[in-house]
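Chemist: Just so you know, the sequences run in chain order D and C. Here our numbering is used: the first residue of the first sequence is 1, the next is one more, and so on. Here our numbering is used: the first residue of the second sequence is 1, the next is one more, and so on.
Check the hints yourself; a few may be wrong.
Note that identical chains are pooled: a pair holds if it fits in a single copy or bridges any two copies.
[Unchecked claim] Capping the alpha-carbon separation at 25 angstroms, the derived lysine-lysine pairs in DSS-like fashion look like this:
1. Lys117 / Lys59
2. Lys145 / Lys59
3. Lys62 / Lys145
4. Lys117 / Lys139
5. Lys145 / Lys48
6. Lys139 / Lys48
7. Lys110 / Lys59
8. Lys59 / Lys118
9. Lys139 / Lys91
10. Lys62 / Lys128
11. Lys139 / Lys62
12. Lys118 / Lys62
13. Lys118 / Lys91
14. Lys117 / Lys128
Because the hints were derived from the structure by calculation, they are not lab data. Since we're looking at a predicted model, the values are computed, not measured.
There are 2 protein chains.
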Amino acid sequence: MAQSWHMMIEFEPPMVASIVSNRNFSFDALTATRECVINIPTVEIAEKVVACGNSSGRKTDKFEAFGLTPVRASRVSAPLIAECYANLECKVVDTREVNRYCLFILEVVKAWIDPAKKHPRTIHHMGKGTFMVAGETIKLRSRMK
Amino acid sequence: MAQSWHMMIEFEPPMVASIVSNRNFSFDALTATRECVINIPTVEIAEKVVACGNSSGRKTDKFEAFGLTPVRASRVSAPLIAECYANLECKVVDTREVNRYCLFILEVVKAWIDPAKKHPRTIHHMGKGTFMVAGETIKLRSRMK
């Protein structure tokens, strides 16, 4: 699935909160398996991301339909996507807010990046098919983690 | 405070989840008042954002110290910041996950933007003082909200 709403919530262990609508096939899969991989794409495959968002795994093998390559993960059953810049293998560790907000708490148990992508231009959903593409990075003198 | 970890969780009513560390002065203020404003800055004031992140409201009047202008909000007591592109007036509506994750559920009760900023270049904290600056936006044929 294509997924817009997620955030880090802890550094150690690394944890992510993620909203997955209960109207999605992925909601059922995540609830049943309690595992997933968060695949982080770059602008080069933006069209494939949107194609994934506009279709359902109930009816479509999205890997085959959109030319994406599954790669075996090391800690979970769900696959990585070879074409993505980063892949985060996750386990569901807390479902307390799933009924109320469709909010899953995930622990990242293994993280991968593609070191060949030196300047990954990630995409960020702004709503209704508009995406912000990551621009330059700046470094400031910060004591923030 | 400068704040990295937040996400939308609902369209209607508009709701945001936000992590505020219990080591921050803002944690005490948010817990006591159950109100806040999320101020969304652009790259032009990135240095001021970091200055806010490197100091505490316990000791410093950050508006005065960093040349920021408070503006009266319409629905909450906390002020807007005139120099920010957007300001979201919020009320705390759920504190169930505050003890466990410092996770506040906020409802956005009023939203402001500065219409003079046609192409707001927002900044996105990547950790350790590195920020991604928003680049171009692209539009794709999406059925996603």
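Chemist: For every hint, state whether the structure bears it out.
Modeler: Hints, one by one, checked against the model:
no., hint, verdict
1, Lys117 / Lys59, "neither (32 angstroms within a copy, 43 angstroms between copies)"
2, Lys145 / Lys59, "between (43 angstroms within a copy, 21 angstroms between copies)"
3, Lys62 / Lys145, "between (37 angstroms within a copy, 20 angstroms between copies)"
4, Lys117 / Lys139, "both (20 angstroms within a copy, 23 angstroms between copies)"
5, Lys145 / Lys48, "between (33 angstroms within a copy, 17 angstroms between copies)"
6, Lys139 / Lys48, "between (32 angstroms within a copy, 13 angstroms between copies)"
7, Lys110 / Lys59, "neither (29 angstroms within a copy, 40 angstroms between copies)"
8, Lys59 / Lys118, "neither (36 angstroms within a copy, 41 angstroms between copies)"
9, Lys139 / Lys91, "neither (32 angstroms within a copy, 33 angstroms between copies)"
10, Lys62 / Lys128, "within (21 angstroms within a copy, 36 angstroms between copies)"
11, Lys139 / Lys62, "between (38 angstroms within a copy, 21 angstroms between copies)"
12, Lys118 / Lys62, "neither (27 angstroms within a copy, 37 angstroms between copies)"
13, Lys118 / Lys91, "neither (28 angstroms within a copy, 41 angstroms between copies)"
14, Lys117 / Lys128, "between (28 angstroms within a copy, 21 angstroms between copies)"
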